[in-house]
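S.K.: Protein chains in written order, with the UniProt record's numbering: chain A, 1 to 750; chain B, 1 to 451.
Simulated from the structure, these hints should not be mistaken for lab results. Being a predicted model, the structure only gives us computed values, none of them experimental. Ideal Cβ positions, reconstructed from N, Cα and C, are used throughout, including at glycine. The reader is advised that the hints may include incorrect statements.
Stated by the list, open to error - Simulated pairs of lysine to aspartate or glutamate, DMTMM-like, Cα-Cα distance not exceeding 20 angstroms:
#1 Lys630/A - Asp389/B
#2 Lys35/A - Glu327/B
#3 Lys340/B - Asp621/A
To be verified - To list a few chain B residues with every Cβ distance to chain A over 10 angstroms, as calculated:
#4 Lys74
#5 Val173
#6 Phe174
#7 Leu333
#8 Ala353
#9 Gln442
To be verified - Some chain B residues close to chain A (C-beta under 7 angstroms, calculated; not the full set):
#10 Leu330
#11 Pro331
#12 Asn378
#13 Leu385
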Amino acid sequence: MTLNWTPQQTSMRTAANVSFLPTREREANKRDFTKLELKVDHSNRPLWACADGRIFLETFSPLYKQAYDFLIAIAEPVCRPESMHEYNLTPHSLYAAVSVGLETETIINVLNKLSKTKLPKEMIDFIHGSTANYGKVKLVLKKNRYFIESPFPEVLKTLLKDDVISKARISLEEYQAGETFSVSKTPGEMDTHSGLLDGADLAAAAEEKETHSFEIDPAQVENVKQRCLPNALNYPMLEEYDFRNDTVNPDLNMELKPQAQPRPYQEKSLSKMFGNGRARSGIIVLPCGAGKSLVGVSAACRIKKSCLCLATNAVSVDQWAFQFKLWSTIRDDQICRFTSDNKEKFRGNAGVVVTTYNMVAFGGKRSEDSEKIIEEIRNREWGLLLMDEVHVVPAHMFRKVISITKSHCKLGLTATLVREDERITDLNFLIGPKLYEANWLDLVKGGFIANVQCAEVWCPMTKEFFAEYLKKENSKKKQALYVMNPNKFRACEFLIRFHEQQRGDKIIVFADNLFALTAYAMKLRKPMIYGATSHQERTRILQAFKHSPDVNTIFLSKVGDNSIDIPEANVIIQISSHAGSRRQEAQRLGRILRAKGRLQDRMAGGKEEYNAFFYSLVSTDTQEMYYSTKRQQFLIDQGYSFKVITSLPPPDTGPELSYYHLNEQLDLLNKVLNAGDDAVGLEQLDEDADDIALLKARRSVGSMSALSGASGMVYMEYNTVHGKKTAQGHTKTKQKDPSKRHALFKKRFG
Amino acid sequence: MPQVRIVAKNFMDMVAVLPAMKLDKLYESTFICEAVLRSLPPLAKKYALQMLFIESPVTAKLFEEWVLPDGFSKHRVAIERLLQLRVFLETNDRKKETSYTMNPKFQSNMRKYLVQGGTLPREPMSLGVTVRLPTLEDLEAYAHKQWECFLLQLINSAQAQRLTNFSSSMIRVFQRGLLSSRENEAPRLTENGFQFLLMDTNAQLWYIIREYITTSEDRGIDPTDLISFLLELSFHSLGEAYNMNSLTEVQCKAIKDLADLGVVKLQQGRKESWFIPTKLASNLSISLSDSSSRRQGFVVVETNFRMYAYSTSKLHSEILRLFSRIEYQLPNLIVGSITKESLYTAFENGITADQIISFLQQNAHPRIAERVPTVPENVTDQIRLWETDRNRVEMIPSHLYEDFPSKEVFEGAADFAREVGGLLWEDSNKMRLIVRGELHQQMRDFLRRSK
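The task is simple: from the sequences and hints, build the whole structure.
M.R.: So this is what it looks like as structure tokens:
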């Protein structure tokens, strides 16, 4: 058998902005690396490294912890189940590694030390190639002057050969231009990899480094940054903020409250950000429910400068403001929210502003109030730009936001950073590299997030429904037919009864299909929330769900997918979903990840093996089966397993569940068939001004595979949630009906 | 271990089915007599020893009197075995009474053996001639390697790096029953073939040796010679060198084939050449049930259907390839994933979900062996579900009846078919019905009658 991997291998060498082949495609060819030379003591070393960048890590190795910390810094995790992890070395991941202070030789040395085999030459070349330019140049804001900094004077000289950059340079002595740089010393990286480095490496890392720098014109910063991107000079700049020496911007007096104890992984992510005493820009990836907001608030408390916090919608804005007050000592008058119906201003010369991406990026005419506030946002120099849910926001929105706001340091937060699509490339250079990504399973083991039992329930289509499903004229009703499949309904009813009565759980039922949502909720007599539900009603339902022992199940349309915070729920039943979107699956799971109960019960080996349940109901032999496999991929790669259940409800259940008799089923079928095509389709949410309206245009154009996530490559926010509200954020006294508000907006700005 | 249908359980089963003449010829050798005696069930052994010095026939009745009622089944098995192997010969006298005598050849040989003690089939060579012999570990490694190489050639000759000296026709003989080759297609492993691969080495060796012996006649070799030589071989001492000169022509040929299987190692000195029996040789006469030497497991299966096999063996990678997609091969690790497609290929080849699952469970890496279950539940469930998914379509041979002359005839026929339990489908509008094929005759008769 001949092996054919040369093409990829060569592409690995070309480094930098190489677009990698999609993972699936690469996996189709078998890779033969049997020729690699095993080291004598290979059994003591934890990993294998392949020439194509794939790394396999044994989790049972005594060196696992160190190796994991190291790998997560230099490589992208592909999958992380129990015994064996897989990682990919990519240009982006190496960029991130370099930016947190790892040097080329250190990466190669440590990797070589951990590897069971001699490192393949291709990999060494690849690391050299990828790190040659990355991380060599830093853009530092010191005392409100922008400096370009590098330990390598020759790199700076290369940069200065570029017209744009040399023009942007500010020289104290004009006549002396070009050849000399100011030299300063910066403290070395105090890092956590010390266990893996030998004495010499350690000494090298701790040593103070000489850096060379020149100053550039603040007005030219954007242009200089552009010139340094991979498509131009290819010396992407890392942004660092020497906030301790910033005397120009006023300090914001805020501390973490004593009861805010960051957990180990939160500490670790922060240490990546503040590794060398300055604040780096970048992205931190933590699963839903793992406490992203505490990381954000902690970062703001360390920098102690004005902070602009961007969220995706008004509800999140309220939640963020609440989190700031909860974890930090910030005074109420130092924090303000800026949304379409909440235009506050902070007092004093420094503070925190929480707003939405849309409010900042909005291009149309604004009201007088908001124009004033936005002007302030524009003029202020922000210490920290905190960006929530960065995976949702398209790149051009970021560009706009980042160009409008002047910030020293940007921190992006997300739960599901999906890799290898173009948008992540943009994020890498617009915000910064990924600084930290937590391992879901480790957090589960540590009891920090709930241990979820995931199950896929196979519901066979009834004969009559399947016959209609196969008919061509029903193509638009396919979804309604498989969602309304009586067997699925019975399975759902059974699960609700089981969890309500046997375990006393709180259940969320998700349905994307509005027709199904209504039909299910009405039949089962449960409250439901969807796009058009008024704010008051939402609040009332959520309150009842939280506090009333009689309301244990609510039905949610996709308005509930994102950041709606319902900590009480621990069971999710998904009866219909948005095609093959892996992210929706992960986000929905995130609704029940917040750990409940006592910590020691939750830890590995504790009393409760599983304390949360995620059921996905699929009708067999329909499109759903295909989609559901796609959807689960992300979670499966994180180490979750989906158990397939085929016999729900149990065969001995009779008429106590609905739709037992054939005539009832036929009735239901008639209802589905007689409903208009519009009525049985997906829920179409009106865009709210708070939301990212720019997406609206995209809704109609995405290819089917992209929309469904079926290509496994592209993520698109099909529709964002508007005006949703949780009781936690109900600090507002007055809330307008979202639909009304929308109409007003149209009138005013349309 | 899955039930193995393809293998005679034991060498002796094969000996037992030889024709009387050949069997009697075999008993000319003392080793064979001893080997046969050893192979007997305990009670049969006792009977044989009891009869050793009795020449006159002993009636079956007398034998029966020796056993207690609850031991009767054991007694029957013992007698049956003794008769099968012609250690006992059955005679019926005029009164139709059955009695047993011992096979005279067997008897005299065993007596001689008892009185004079056993002699080795041949003396090992002195160390002076053979200089340095391989250590037992080397020998075992050699045997293992040789056997694996043979298996690899057997299941996929393209993958074998080094071919054995077996002629391709010989290999084809071995492949018979293990691989199916449709026309113009690469041979594929059958269900039996997969079972064969899942068996342990001794059982596999048996299968091959059996094929080797049963086809020897086609090569002009008397199977009896082979059997006696193989049994003889199992009495040689492990790791000693034996001179090739002492072998007959047939044996000489056989020893080369055995070397290819790893049963013996051949070495060439300055003047002489010799063979060294390996562990496989001494295992030849041991019955299968004793072979408990399980090799350590090597497979880790994860919840995401990824499979990591700690193995350097090409054979393992070939076995895994039968039901999974191999993605990476590292010096001591094979990485693959179990996919729907790969499983469907396996199912098509007649490999069952249970076989795959039991393979994964039995070969679980020690690291995960304590984990319960060793193979994640979602993976085993899914493998089974995929299998049952394939089996949802059931084929029933049947007949379609149409063009009925009248509604009455049609309904009559449909009722009749329903009565006899053979009606599968009916369409009363178009007057067509489908009935199970085995009822065609009855249907015809009925239709003829109703005309």
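S.K.: For each hint given before, does the structure comply? Return the numbers of the non-compliant ones in rising order.
M.R.: 7
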